[in-house]
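Sequence lines, in order, name chains A and B. First residue of the first sequence: -1, per the working numbering; consecutive thereafter. First residue of the second sequence: 61, per the working numbering; consecutive thereafter.
If you're looking for bench data, these hints aren't it; they were derived computationally from the structure. Among the hints, erroneous ones may be present.
Stated by the list, open to error - Every beta carbon over 12 angstroms from chain B, so not counted as near; a handful from chain A, in silico:
| # | residue |
| --- | --- |
| 1 | G79 |
| 2 | D85 |
| 3 | S126 |
| 4 | I138 |
Stated by the list, open to error - If you anchor each label on the Cβ, the simulated ranges turn out as follows:
| # | chain 1 | residue 1 | chain 2 | residue 2 | range |
| --- | --- | --- | --- | --- | --- |
| 5 | B | Q260 | A | S126 | 30 to 36 angstroms |
| 6 | A | A26 | B | G163 | 35 to 41 angstroms |
| 7 | B | G285 | A | S126 | 51 to 57 angstroms |
| 8 | B | E91 | A | I25 | 42 to 48 angstroms |
| 9 | B | K219 | A | R58 | 55 to 61 angstroms |
| 10 | B | L117 | A | M45 | 51 to 57 angstroms |
Ideal Cβ placement from N, Cα and C applies to all residues, glycine included.
Given next are the chains, with one letter for each unit.
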Amino acid sequence: MKNKKSREKAPLTAGRFLYRLISVVLIAVFLIAVAAGIAQIRDRLAMDDYDYYDEAYYLRTLRNEDFAGLLEMTQDDARAGKEYTGDIPECRAVARYYEAAVFFHAYEKAGEKERAALQKQRMERFESEAGEYAYYTEKIDALFEKEP
Amino acid sequence: MGLEDLKCPYCGTPNPFAEKHQEDMRRFEKEFAATKEEVVTANKKRAGRNTSLILILVLILLDVGAVIFAGISSDIAYSIKEKRIQAQADQHMENILALLEEGDYCGFSAYYSANSIYYATSGTDLEDYSAVHGAAGRYRWLLQDLEKYISGNSYSFRKESMSRTCAYMAENITKLWNVEDQYSYRQEIYLAPDKLSYIQDMRERVSLLLQTYAGLTEEEAGSLGDLSQGRIQKILEERLVSTDEE
């Protein structure tokens, strides 16, 4: 049986207290710095994986008839290997229709028949890909009818 | 009688010398034990202090290392990203070339941003398209502004924003037409004929769209490379109609 006396704690002197305080502070600094570094690395890498463009965002932009915004979103949402699900492909098709329409009307007005025909083909393709949202293509066409 | 004999073995007389000797021996033993304990205790304390100091030093060194780690964590993340992208350089190159062949310059510019390609162009074939990428960025911003203008519901073309938007468009036009000045080093690579053909195509499209939608004349659209940025801005402000006025 161990001597009870040897198990008694030594008295907490000022020096011992200071030593413990310094140790705690240094350990805390170490843990905080390491945690901060790991968090920084993780956050920087996660920024690349963050997906801003979900279906709700696409549909909201489409329903607002913000075709320029929808097109910008469609172009920006270009992460390699990303799969577009839900109604997103249809929304993107409407955006591409708008893009093709911009060029179609420009080429047509300039008399560049071949290029205009190519854009027209693209418009027809995207209209069919727009599915239940194809009626938005009529609203897009209306934008160009009021052009001077 | 010896010093160990406290009494005479014959007559029993006490031996004062033996008593004194034994008393001295007891005293010496006591003092020795006390000194021994003092030395042991002092050594223990010294060893304890040394261990404490060593632990503090180790903690300080660990802290320095941890703070340096935290300070360079951005660089570490950058390095990891760079390696990830470089590992997929061939696939990215294939995708980029497909976009350029289709004439989807906006898609090309957006692809660069979405996939952080700029992290890892150095030393890869992707770097050769730096000038094309620079031009495509200007082209994309110009088209975005024109598309907003056409769709008619953009804040950018309200009266209070018109001047700023026109300034921005003028800057992009100027930079698109002066891409060669920005990539004067390694021109033989960045501005090789195949790369220039993409840049020229972008300029032709922008000229056409500005004529169609921004009211520029054929002459104005054909001389954008010769006009100053200020003059281009003025023309745009004169020709574009703010959404408030529609």
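Comparing the hints with the structure gives:
no. : hint                                : in the structure
1   : G79                                 : 9 angstroms, violated
2   : D85                                 : 20 angstroms, holds
3   : S126                                : 19 angstroms, holds
4   : I138                                : 8 angstroms, violated
5   : B:Q260 x A:S126: 30 to 36 angstroms : 33 angstroms, holds
6   : A:A26 x B:G163: 35 to 41 angstroms  : 58 angstroms, violated
7   : B:G285 x A:S126: 51 to 57 angstroms : 40 angstroms, violated
8   : B:E91 x A:I25: 42 to 48 angstroms   : 45 angstroms, holds
9   : B:K219 x A:R58: 55 to 61 angstroms  : 27 angstroms, violated
10  : B:L117 x A:M45: 51 to 57 angstroms  : 38 angstroms, violated
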